[in-house]
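Asker: Those protein sequence lines, which keep their order, are chains A and B.
Residue numbering for the first sequence follows numbering that gives the first Met the number 0, starting at 0 and increasing by one per position.
Residue numbering for the second sequence follows numbering that gives the first Met the number 0, starting at 0 and increasing by one per position.
Incorrect hints may have been included.
Pairs of lysine-lysine, DSS-like flavour, derived with a Cα cap of 27 Å [to be verified]:
id, chain 1, residue 1, chain 2, residue 2
1, A, K69, B, K20
2, B, K32, B, K20
3, B, K142, A, K69
4, A, K69, B, K41
5, B, K129, B, K86
6, B, K20, B, K41
7, B, K72, B, K142
8, B, K129, A, K69
9, B, K72, B, K129
I should point out that these hints are in silico values taken from the structure, not numbers from a laboratory.
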Amino acid sequence: MLVLTRKTGETLMLGDSVEVRVLRVDGDEVRLGIVAPRSVSIVRGELLADIRAETQSAAGAALSQLENLKRELAGRHAPQSQRLTPDQQKMTVPCG
Amino acid sequence: MNSMMDVAVKIPAILSTTPDKITIAGGLPPFVKACRYYIHPKHQSPPFLRIECEDQDLSFLLVDPFLLECGYKPEFFDADFEEIGLKSGDSTLVLAIVNLNRGIEFASCNLVGPILLNPANGRGKQVVLKNNTLFSSRHPLFKSKG
Numbered sequence: 000m001l002v003l004t005r006k007t008g009e010t011l012m013l014g015d016s017v018e019v020r021v022l023r024v025d026g027d028e029v030r031l032g033i034v035a036p037r038s039v040s041i042v043r044g045e046l047l048a049d050i051r052a053e054t055q056s057a058a059g060a061a062l063s064q065l066e067n068l069k070r071e072l073a074g075r076h077a078p079q080s081q082r083l084t085p086d087q088q089k090m091t092v093p094c095g
Numbered sequence: 000m001n002s003m004m005d006v007a008v009k010i011p012a013i014l015s016t017t018p019d020k021i022t023i024a025g026g027l028p029p030f031v032k033a034c035r036y037y038i039h040p041k042h043q044s045p046p047f048l049r050i051e052c053e054d055q056d057l058s059f060l061l062v063d064p065f066l067l068e069c070g071y072k073p074e075f076f077d078a079d080f081e082e083i084g085l086k087s088g089d090s091t092l093v094l095a096i097v098n099l100n101r102g103i104e105f106a107s108c109n110l111v112g113p114i115l116l117n118p119a120n121g122r123g124k125q126v127v128l129k130n131n132t133l134f135s136s137r138h139p140l141f142k143s144k145g
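Please take these sequences and the hints and turn them into a complete structure.
Answerer: Here is the structure:
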């Protein structure tokens, strides 16, 4: 890992097109400004870890669970069905 | 979608527009080596469908997130469109992974990290939304019964 010390207002360039600027340091929080082309995705590392953990947890869905979900949906959907066409009733999931 | 590329999202995603076989080049992390998935026609039960990996014992339930009553408006990075061969003017499919691991009462889907699919070539990618602060990785599928 490359480790650098920067002061407030100073920048780092990642390649030719990505600039990271230290905007503010406040205790254990650092505010960063990033200038990058639209094509570059910028995502918090913790979010990737969260998505990964969620995928791991979701793996191994049995075929029978598809039917269970369908049944659960049908059971919960009844009160709202009047304003939907029959086709929409099948297709719309009420959610929290 | 707030993006330079003008890619239309097909609604509803499921039904006839879903390819039978999809290839997710980077896999679904942490399952990075499981790249080829199969959707058996009998494994579709709108708005849900099930995908099975062709190379190992691995399967997922997916839901069409646009059929959730919560106004899903994802924004994507252009790099993600490009990676699966989508160009301006193309259509894409978006599917969210369902998690039943906490029991069916607490069934959730991952709206922040959906699977983006190119229906024309069957290529897909699990992406992170550009507007990722607006959505949850554990979005409840059902309202609690109270």
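Asker: Does K72 of chain B pair with K142 of chain B here, judged by a C-alpha cut-off of 27 Å?
Answerer: Holds: K72 of chain B and K142 of chain B sit about 20 Å apart, inside 27 Å.
Asker: Given the hint that K142 of chain B pairs with K69 of chain A, test it: the Cα-Cα distance must not exceed 27 Å.
Answerer: Distance of about 15 Å is within 27 Å: holds.
Asker: For a C-alpha distance cap of 27 Å, please report whether K69 of chain A and K41 of chain B respect it.
Answerer: 13 Å, holds
Asker: Checking one constraint from the list: CA of K129 of chain B to CA of K86 of chain B, max 27 Å. Satisfied?
Answerer: 18 Å, holds
Asker: Taking only the CA atoms, is the gap from K20 of chain B to K41 of chain B under or equal to 27 Å?
Answerer: 14 Å, holds
Asker: Given the proposed pairing of K69 of chain A with K20 of chain B, does the C-alpha separation stay at or below 27 Å?
Answerer: 23 Å, holds
Asker: Are the Cα atoms of K129 of chain B and K69 of chain A separated by 27 Å or less?
Answerer: The given pair, whose Cα atoms are some 31 Å apart, is violated under the 27 Å limit.
Asker: Do the alpha carbons of K32 of chain B and K20 of chain B lie within 27 Å of each other, as the hint requires?
Answerer: 16 Å, holds
Asker: What's the verdict on K72 of chain B and K129 of chain B, does the C-alpha distance respect the 27 Å limit or exceed it?
Answerer: With a Cα-Cα distance of about 11 Å, the restraint between K72 of chain B and K129 of chain B holds, given a limit of 27 Å.
Checked against the numbered hints listed earlier, the structure breaks hint 8 alone; every other hint is satisfied.
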